[in-house]
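Just remember that this note's numbering sits 152 ahead of the position in the sequence shown, which is counted from 1.
Keep in mind that a hint or two might mislead.
Stated by the list, open to error - In the DSSO-like style, the derived pairs of lysine-lysine whose C-alpha atoms are separated by at most 27 angstroms in a straight line are:
(1) Lys202 - Lys219
(2) Lys219 - Lys265
(3) Lys215 - Lys166
(4) Lys166 - Lys222
(5) Lys166 - Lys206
(6) Lys166 - Lys265
(7) Lys265 - Lys206
(8) Lys202 - Lys166
(9) Lys265 - Lys222
To be verified - Derived CB-CB ranges, DEER-like:
(10) Thr214 - Thr189: 34 to 42 angstroms
(11) Thr242 - Met195: 19 to 27 angstroms
(12) Ser190 - Ser217: 37 to 45 angstroms
Hints are computed from structural coordinates only; laboratory data are not their basis. The C-beta atom is built at its ideal place from N, Cα and C for all residues, glycine as well.
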Amino acid sequence: MNALDQPIQEVAFKIDNEDLGVLLFALNNWGQRNIATSVEERMSVFSLRKLRQKMEVRQSQTKGSLKEFKLRIEPVQAYSMINLLNWFMTYQVSPVSYEYNVCRKYRDEFHAKLLTI
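My request is simple: use the sequences and hints to build the entire structure.
Now the structure itself:
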């Protein structure tokens, strides 16, 4: 079995501290406004809680740094983030804002990475 036959266990992407703050803001906004009703939504919420904790720890570790760092997340978290960012871009921010552009950038990046799986 070669490396291409094995499933990808993570989605890795480069992000800086400022963009991480925008994604955390979107994640927190979504968490305050949405209540999970189905089993799939509850699994997504659990997955996103783990991701939020991971992102908060990484943000505190890199406080004040301008360098980009690599963040690795699970494919299910990337899929949940795509849905969350679509919601955030549609209902919460102006299409001409910095936050919108950051969300669009990472939504497209998550989508591209998931297509390779």
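So, going through the hints one by one against the coordinates:
no. : hint                                : in the structure
1   : Lys202 - Lys219                     : holds, 24 angstroms
2   : Lys219 - Lys265                     : holds, 22 angstroms
3   : Lys215 - Lys166                     : holds, 16 angstroms
4   : Lys166 - Lys222                     : holds, 4 angstroms
5   : Lys166 - Lys206                     : holds, 15 angstroms
6   : Lys166 - Lys265                     : holds, 12 angstroms
7   : Lys265 - Lys206                     : holds, 20 angstroms
8   : Lys202 - Lys166                     : holds, 19 angstroms
9   : Lys265 - Lys222                     : holds, 14 angstroms
10  : Thr214 - Thr189: 34 to 42 angstroms : holds, 36 angstroms
11  : Thr242 - Met195: 19 to 27 angstroms : holds, 22 angstroms
12  : Ser190 - Ser217: 37 to 45 angstroms : holds, 39 angstroms
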